[in-house]
Amino acid sequence: MEILRKPKDYASDQEVKWCPGCGDYAILNAVQRALAEMNIDNKDIVFISGIGCSSRFPYYMNTYGFHTIHGRAAAIASGVRLANPNLSVWIVSGDGDSLAIGGNHFIHAIRRNLNMNLLVFNNQIYGLTKGQFSPTSERGKITKSSPHGTLEMPFNTGELAMGARSTFFARVPDTDIKLMTQTMLEAEKHQGLSLVEVYQNCVIFNDKAHAAITAKENKADSQLILEHGKPMLFGVDNQMGLRLNGLELEVVKLGENSITIDDILVHDAHNTSPTLHYMLTQMNRPNFPVAMGVIRNVTAPIFDQEMGKQIDQLSTTSQWSSLDDLFFSGNTFEIN
Amino acid sequence: MGNLLRHWPYGCSRESRRKLFLGSYPITPATDIMQELVRHKWAGVKVFQAEDEIAGICSAIGASFAGNIAVTTTSGPGMALKTEAIGLAVMTELPIIIVNVQRGGPSTGLPTKTEQSDLMQAVWGRNGESPVVVLAASGPGNCFDMAFEAVRIAVEHMTPVILLSESYIANGAEPWLIKSTKELPKIKINTLSEPNPNWRPYNRDNDTLARKWVVPGTADLQHRIGGLEKDDCTGCVSHNPQNHELMVQIRQEKVTRVAKDIPLQKVKGKEATKLLVVGWGGQFGILFGAVNDLQKEGKNIAFTHFNYIQPLPMNTAEIFAQYDKILVCELNNGQFANYLRAVLPQFTYEQYNKIQGLPFKVAELKEKFNQILES
Numbered sequence: 001m002e003i004l005r006k007p008k009d010y011a012s013d014q015e016v017k018w019c020p021g022c023g024d025y026a027i028l029n030a031v032q033r034a035l036a037e038m039n040i041d042n043k044d045i046v047f048i049s050g051i052g053c054s055s056r057f058p059y060y061m062n063t064y065g066f067h068t069i070h071g072r073a074a075a076i077a078s079g080v081r082l083a084n085p086n087l088s089v090w091i092v093s094g095d096g097d098s099l100a101i102g103g104n105h106f107i108h109a110i111r112r113n114l115n116m117n118l119l120v121f122n123n124q125i126y127g128l129t130k131g132q133f134s135p136t137s138e139r140g141k142i143t144k145s146s147p148h149g150t151l152e153m154p155f156n157t158g159e160l161a162m163g164a165r166s167t168f169f170a171r172v173p174d175t176d177i178k179l180m181t182q183t184m185l186e187a188e189k190h191q192g193l194s195l196v197e198v199y200q201n202c203v204i205f206n207d208k209a210h211a212a213i214t215a216k217e218n219k220a221d222s223q224l225i226l227e228h229g230k231p232m233l234f235g236v237d238n239q240m241g242l243r244l245n246g247l248e249l250e251v252v253k254l255g256e257n258s259i260t261i262d263d264i265l266v267h268d269a270h271n272t273s274p275t276l277h278y279m280l281t282q283m284n285r286p287n288f289p290v291a292m293g294v295i296r297n298v299t300a301p302i303f304d305q306e307m308g309k310q311i312d313q314l315s316t317t318s319q320w321s322s323l324d325d326l327f328f329s330g331n332t333f334e335i336n
Numbered sequence: 001m002g003n004l005l006r007h008w009p010y011g012c013s014r015e016s017r018r019k020l021f022l023g024s025y026p027i028t029p030a031t032d033i034m035q036e037l038v039r040h041k042w043a044g045v046k047v048f049q050a051e052d053e054i055a056g057i058c059s060a061i062g063a064s065f066a067g068n069i070a071v072t073t074t075s076g077p078g079m080a081l082k083t084e085a086i087g088l089a090v091m092t093e094l095p096i097i098i099v100n101v102q103r104g105g106p107s108t109g110l111p112t113k114t115e116q117s118d119l120m121q122a123v124w125g126r127n128g129e130s131p132v133v134v135l136a137a138s139g140p141g142n143c144f145d146m147a148f149e150a151v152r153i154a155v156e157h158m159t160p161v162i163l164l165s166e167s168y169i170a171n172g173a174e175p176w177l178i179k180s181t182k183e184l185p186k187i188k189i190n191t192l193s194e195p196n197p198n199w200r201p202y203n204r205d206n207d208t209l210a211r212k213w214v215v216p217g218t219a220d221l222q223h224r225i226g227g228l229e230k231d232d233c234t235g236c237v238s239h240n241p242q243n244h245e246l247m248v249q250i251r252q253e254k255v256t257r258v259a260k261d262i263p264l265q266k267v268k269g270k271e272a273t274k275l276l277v278v279g280w281g282g283q284f285g286i287l288f289g290a291v292n293d294l295q296k297e298g299k300n301i302a303f304t305h306f307n308y309i310q311p312l313p314m315n316t317a318e319i320f321a322q323y324d325k326i327l328v329c330e331l332n333n334g335q336f337a338n339y340l341r342a343v344l345p346q347f348t349y350e351q352y353n354k355i356q357g358l359p360f361k362v363a364e365l366k367e368k369f370n371q372i373l374e375s
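From first to last, the protein sequence lines stand for chains A and B.
When we follow the numbering used here, the leftmost residue of the first sequence carries the number 1, and every step to the right adds one.
When we follow the numbering used here, the leftmost residue of the second sequence carries the number 1, and every step to the right adds one.
Certain hints may be false.
Some but not every residue of chain A turned toward chain B, in silico, with C-beta under 7 Å [what the hints assert, rightly or not]:
#, residue
1, Gly21
2, Tyr25
3, Pro58
4, Ile76
5, Ile101
6, Asn104
7, His108
Distance windows between CB atoms, simulated [to be verified]:
#, chain 1, residue 1, chain 2, residue 2, range
8, B, Cys236, A, Asn29, 38 to 46 Å
9, A, Leu4, B, Cys236, 48 to 56 Å
10, A, Lys208, B, Asn240, 33 to 41 Å
11, B, Met314, A, Asn29, 50 to 58 Å
These are computed hints drawn from the structure, not numbers from a lab.
None of these values were measured; they are calculated from a predicted model.
C-beta: ideal position from N, C-alpha, C; glycine also.
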């Protein structure tokens with residue numbers, strides 16, 4: 001008889017040690033709910049993390065887990081996936097882990113498109129080291145390591161993902177557990193590298209960094225929650241929408257200037273062209289809502305599957321059938 | 001040819017019934033190993049050309065966690081980049097093989113020239129107390145045996161093993177006595193495939209102190225490992241002071257005990273008493289030739305050559321005690337000599353060093369040996 005797993009079946013016996021109020025709790029909850037919904041066997045799941053607050057995640061999962069070194073989770077996960085393509089592989093990292101010290105592994109993991117899920121908890125700060133600016137901190141941000149304001153432009157995770165030829169990119173706020181759960185589910189279902197950026201709140205070192213977007217009172221006007229095949233509407237009563245004006249996106253209001261629902265863009269996450277997806281990742285307040293949900297979800301060759309295919313094919317066509325065969329295939333001579 | 005022969009760890013992956021995984025990044029003079037191994041996908045070999053040296057070893061660590069025979073190949077500068085990840089493999093007690101085909105250093109140094117100057121880096125070059133097994137191949141033909149040994153020790157003792165080669169043998173050639181795979185010893189895999197409620201990730205074998213290699217996909221044995229200090233036995237994160245000291249000692253003892261599982265050191269010219277020539281790694285052939293010539297002339301000289309660097313063979317001190325003088329010959333500024341001074345401080349070591357990016361010459365060695373013998 002098939003076992004039906006509940007979210008709590010994915011929780012380990014370890015006490016969760018994030019700060020009270022940390023956004024990570026909600027993410028943990030959403031991931032466990034998504035796994036339960038898909039009823040994946042615990043033994044076939046691996047969580048791999050780097051270093052940072054986010055990276056404590058594997059300890060709290062009743063699955064296989066590996067808390068590795070700073071920035072390297074994607075590289076280690078690639079080895080796990082290639083060694084055993086039957087595993088459901090989840091990489092858990094933060095904005096420092098994935099976009100600073102692990103930036104190289106991040107872009108190459110996306111480019112190769114191994115079938116794994118890569119979660120980036122973006123709180124725009126270094127939390128574990130107690131409050132230095134990160135690669136996603138806004139320019140001018142005052143932190144312990146930038147008392148006079150930062151001098152550098154932040155990365156936009158989605159923009160970086162598109163540049164690295166991402167096949168799946170989603171963005172979710174840690175305040176919306178339903179959207180997070182649904183998105184984690186979509187990420188696991190997607191064949192290829194699924195990148196999920198979570199706007200996560202660090203209650204101690206960068207509290208309310210995303211509040212202008214995620215707070216209840218701002219949510220309707222500040223978030224455009226995308227659904228494949230649905231018009232891009234937002235705002236209280238869904239009266240606001242997006243349309244394309246020349247090569248630019250434009251916010252319009254239904255009923256104003258004879259705008260109707262037919263003028264509104266319909267989200268096509270499966271469009272192979274990343275142009276519109278890229279534009280959606282760029283949208284920001286105050287002129288635009290921030291795009292949430294699955295922005296891009298397309299199919300492309302999957303590295304681990306392709307490697308498997310080559311191995312299968314070569315194992316039948318090779319001139320050698322055994323190691324001994326190979327040993328004697330070069331220039332050999334006998335000594336008597 | 002040395003580089004090509006080193007690809008035979010995949011022979012051992014067959015012996016151990018596990019797939020071979022290579023995570024690597026191109027670097028002179030180690031690249032040939034990757035290029036050779038990738039030709040053998042037919043045998044199920046997985047070769048991953050990573051985005052950098054760090055990803056090369058990290059992918060290998062991931063593959064090892066998931067149950068593959070995992071190898072990474074590099075040269076000195078790449079070795080430097082892999083350092084942190086080697087520490088992770090030490091902490092998580094996962095088997096990986098790190099091949100360093102040495103070249104002239106430091107920095108970019110002499111990429112196409114030979115040198116033996118990464119010995120200290122291999123033995124001690126990590127943060128924290130981080131012991132690993134270090135082996136060295138002594139010739140192109142010997143690369144197969146030492147690669148096999150590296151895999152055997154890594155898997156049976158659950159430890160990273162560094163295998164040192166050098167440009168001189170990587171680009172060298174010699175006849176190789178082909179072995180049948182039937183002659184190769186079986187590699188024992190210490191794992192659990194059935195659920196066992198009493199098992200803990202850091203339970204150890206009484207003899208080797210190796211923990212079990214339990215891989216993802218095994219039912220009801222889910223566990224978490226990582227780079228943070230582990231509680232003895234449970235493997236849970238621990239900051240307990242006594243536990244840390246205990247774990248440091250266990251990790252050291254685990255490597256020390258490998259000495260019981262390696263061949264005894266051999267000597268050429270046991271009857272000699274005056275001078276013992278000590279070599280290691282890829283200079284074997286030249287050193288052997290020089291000593292052999294002098295022995296034929298009736299000189300009081302013996303020779304011993306090390307393939308097992310850390311730990312040293314059990315009878316090393318016994319051998320050293322038999323000679324008036326010990327001369328350590330190596331292509332660096334005295335790294336093996338200094339290592340011996342630290343590990344076996346009761347002996348006096350003289351040095352003969354050459355640091356020109358070139359191998360020894362028989363003539364220059366004989367001249368040096370004669371000088372000492374006549375002094």
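task = Please write out, lowest number first, the hints stated earlier that are contradicted by the structure.
result = 1, 2, 5, 8 and 9
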